[in-house]
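Top to bottom, those sequences are chains Z and H. Residues in the first sequence are numbered consecutively from 1, following this note's numbering. Residues in the second sequence are numbered consecutively from 1001, following this note's numbering.
These aren't lab readings, by the way, just hints derived from the structure by calculation. Built from N, CA and C at the ideal position, the CB exists for glycine as well. Careful, some of the hints might be misleading.
[Claimed, not checked] Cβ-to-Cβ under 10 Å is the rule here; a few derived chain H residues that face chain Z:
(1) F1117
(2) G1119
(3) G1121
(4) V1203
(5) R1223
(6) R1235
(7) G1238
(8) T1241
(9) L1244
(10) P1283
(11) E1284
[Claimed, not checked] Stretch by stretch, here's where chain Z covers chain H in the computed footprint (C-beta under 8 Å, at least three residues):
(12) 1216 to 1222
(13) 1227 to 1234
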Amino acid sequence: MLDVRDLAFGFGARRVGADVTFALAKGETLAVLGGNGAGKTTLFRTLLGLLPALNGEIRVDGHAVATLPPRARARRLAYVPQQHAPTFGFTAEEAVLMGRVSHLSTFARPGSTDRAAAADALTRLGIEALAARPVTELAQQAPVLILDEPTASLDFGNRARVLAEIDRLRHGGLTIVFSTHEPDQALAHADRALLLADGRPLALDAVGSALTAANVGRLYRVRVRTVDAGGKHRVFVTE
Amino acid sequence: MIEHGRFVRRTSLVLVGGIVVLLALAVIALGSGRYPITPNEIASIIWRRLAGDVRATTADAVVWQIRMPRVAVAALVGAALAAAGAAYQHLFRNPLVAPDTLGVSSGAALGAVLGIFFGAGFIVIELAAFAGGLAAVAVVMLIASRLKAHEPLVTLILTGVVVASLLAAAISLVKYLADPYNQLPAITFWLMGSFAAASTHEVWSLLPAVIISLAILVALAWRINLLALPDDEARALGVHTRLLRGVVIAAATLATAAGVAVAGIIGWIGLVVPHMARLLVGPEFSRLLPVAAIFGAAFLLAIDTLARTIAPIEVPPGILTAIVGTPVFIVLLAHARRVFS
């Protein structure tokens, strides 16, 4: 569903990262981890076609992202940016309805199908989660969802709700890429992990093999050990 | 959804109310002046003309040749300026921008003054005003984006003020060069802003530009909402933001230029009226736009009727709008951040 080959990304002459290659099938989830400034957001913006790739190729559903027109691209790739600036005091429904724009022709206004999709997205996550709202992007109904630190500023409850929704979506067949600063979260909610150090992959593998204490320690330059938390759960602890 | 239904009902209520007020103001405007006409007479004069019965009475002449064009021009210019202001505010996510604070009015005025200076016809003056307005907004946007300031809200306005003052200097230069007996008075009175010279001919030259620009804004109204989001977000949702922004700026600038070409610089409408509309129906643009346009028409019509009746001589309407606009602007300045978050 999402194929990335030999990708280099950055801003014009300034290369932020390189050598990223992965392929995600339908229903697969990739967690991206890396220190502050490691290039996670730049990588995401490049995957979405918001920044031109400096090298390599990105294909979604077989189409090259670089050449897809905006509307066609948005019907395949949805993006939840890190910070949603609240603008203008739109109502929750108005904000969520904007996620339907890729399904509407240029002069059209949202109809009953769009309102139903928006209402569905809203009831699933609730208005409180709108503060960090992946809700608008749920209404977009794209097969690939890219979330930049979706739980960064959420309280305990909203974090659990958003993560549960991510699980529900991946089991429902969506391909998901999300970034996080919590290795535990990646372990519990993703199939594969990409550890990004200075824009280059330090490890890219199934979560079980990529997220070792040694790798996580190298990534964040701290001493880390894992603690068994029953079943297949593992928790990372700094020393 | 319930909320949606409530907003739609409220918007229709506000719209109907606005139209009723606008019509009432039109009747008052047609009836008042040095030759007063009662509403009953106005009704029968209009009815007779619609039925095809053209009479040469004084009342007929006053209504059809003098007051009706003036009412139409004031309402059209008010609607155009308010719609343009609403579009600019949305586009720049900034409650303080308007055709006048962005320098668009000054740019359009310079274009129009040059047109008058070279003795051009109305359509050319209108086109020159459009070109001047577009150039001004492009320069303001370019400078403001290069400054990368901490206070983008205020930076944009300051840049607009700076560019507007440069344009004012250019206008002064044209006035200095103009023939002092004919051109200079024409330019000066026109710049003050007035509807005194409004004729049927002006209505017809103004109408196409206003209809085209408002039609573009109405057709794109829902999509324009997405321009209020951060650029990345709007693009990821599938909007061609650069193209859409360009089209909206062109439409809003055309509306401004048409208004300026007919009536000179009439400030504050584009700033104040969209806020009144937003207070009543919220920020959603497809609801906001028609309400702002109707309110703008009613507001400028009321101002113009006052301008020609409160004193023995006509007061330029720009003076009255400034008296209303300045205090509102100061309040907005104090609450800008709160209003838009």
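If any of the earlier hints don't hold here, list their numbers in rising order. Those not satisfied are hints 1, 2, 3 and 4.
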